[in-house]
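Student: Starting from the known structure of chain A, arrange chain B on it as the hints suggest.
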Amino acid sequence: MISIDKYAYRSKLKAVDPMQKVVFALLTLGVCLWADDLIISVAVIFIMGGMTVLKGGTPLRFFIKLMLVPMSFLFIGVLTVAVKMSQRPEGFLASIAVGGAWIGFSYTGLSEALSLFLKALGAVSCLYFLSLSTPVMDLLAALRRLGLPKLLVELMGLVYRFIFVLIDTADTIYNAQNCRLGYSSLTTGYRSLGSLVSVLFIRAYRRSDELYTALESRGYEGEFNVLEETYVSHRTGYVLAITVNALLVLFAVILRQIKGGALW
Amino acid sequence: MSGNILEARDLHYRYNDGTHALKGVTVEIKRGKTTAFLGGNGAGKSTLFLSLNGIFKPTAGEVLFKGLPLDYSRKGLKDLRKSVGIVFQDPDNQLFSASVYQDISFGAVNMKLPEEEVRRRVKAAMERTGISHLKDKPTHCLSFGQKKRVAIAGVLVMEPEVLMLDEPTAGLDPIGVSEIMKLIREIQKELGLSVVFSTHDIDIVPLYCDYVYVMDQGRIMLEGTPKEVFSQKEILRSVNLRLPRIGHLMEILREKDGFELDETAVTISEARREFKHWRDTQKK
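Sequences listed follow chains A and B, in order.
Here our numbering is used: the first residue of the first sequence is 3, the next is one more, and so on.
Here our numbering is used: the first residue of the second sequence is -18, the next is one more, and so on.
Looking at chain A on its own, in the form it has when it is part of the complex (with noise of 0.2 angstroms):
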């Protein structure tokens, strides 16, 4: 996680217009799950890989790193797709009897289960496109614009903060705690962890306190008022995601007519 953060901060992306970006990653995720085609998922997943590894600076190995993350769980749930039960042994590429059924991988089964693969693995480049090329801040900014509630983003934002500061809190005590063999065998270490958590709780109500007359002093009234910065804000972004899109959503339409399928 702060990995992406440190990425996203780098990347060459960055200065454009977040709303852009999150137009650009939404209406593709959408037209990759609309589009339900093989092709077009592996579109998807090379236009979003190489706008952030090309365009944004990202290294490769660390996008497809990212991308091997959802992997296991997408086995696993595609699994049961691919898997089918049927009365007569007809129709499987691979079976084994169990009972009075077979049970086996078909070749339907098994493209069913692709596709789906795919689209999930388009879906989740949409967002790691939006997450390695956009900060949360940024991202927020553009959220607010979307007409998100405020309480919303503003909590979001704050939670994004301390985060920090609560993992760089905690480390430190676990630090101290581990210098001082607190880890040293299961028990020690599962009471130390116990103090670790409720000083923890502590330093963070007590530091929620200070926030507080601090942002008194500064003026707060019960809301974040911030101005963001300005972006530079060129129409391309919008083009570009259109247009797009709009070749995916056709070229997807030409691949239904192909394959003589409905075109809804």
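These are computed hints drawn from the structure, not numbers from a lab.
Treat the hints with care, since some could be wrong.
Simulated pairs of lysine-lysine, DSS-like, Cα-Cα distance not exceeding 30 angstroms [said to hold, decoys possible]:
1) A:Lys67 with B:Lys59
2) B:Lys59 with A:Lys8
3) A:Lys16 with B:Lys116
4) B:Lys59 with A:Lys152
5) B:Lys237 with B:Lys265
6) A:Lys14 with B:Lys116
7) B:Lys163 with B:Lys104
8) A:Lys8 with B:Lys104
9) A:Lys14 with B:Lys118
10) B:Lys118 with A:Lys16
Tutor: Coordinates of chain B only, in the frame set by chain A:
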């Protein structure tokens, strides 16, 4: 109009848990000067600061801003906080936003200034504190000293008349200390602010302030110019403080080693002057 921008008269403050943190504190903050509050931990410096800013309402006694008692109504406090800004000791308690730019703009936006004016002030405050290059960095990637500067900028955007800093040098390395103190002095000179800071770093006091209050256990023990205060070494030592290192050296040289020196020299430049003078008298 009096020369005091802020005054406290016989101020008492008792916390909810019964701690009597201020026991009759009377201070006068001179307009356009730098005033230091020197005291050990728990001397009541932070409590006094929060009382001067109207965050704490004194149990007894009163605080005067520009000769008038503080108005603790919502509007009165708002006006006061526009004029009296506090920079807290731990910047992590002050910076609420992960975006440096947003955090600095907060105070100015709360003053309901037009956007153009806020942007101008944020830019000016960042330039003044030397953090323009940090504007795109998230708060959690900054060093302690950088966070401190952001915190100062966040108060400067309100263009206060009084800048109060609680332990501005705590947690900084030696270079960081002299940089931040130079910055504060620069701000004070250029903007004509009244600066108030608390510290237990004795050596910076004679270098950077015009007037000193020494606090101990909720009381003012000594006050005066640094020279006056540091000539009262017995009282200083009785409240767990000491002379500046140079002052101590001068005292030892005079009392134990028989040098005929003026022992009130407490800074390097004062000591140099003293020694040059001594050399010249020896030659004659």
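Student: What are the numbers of the hints that this structure violates, sorted from low to high?
Tutor: Of the numbered hints, 1 and 2 do not hold.
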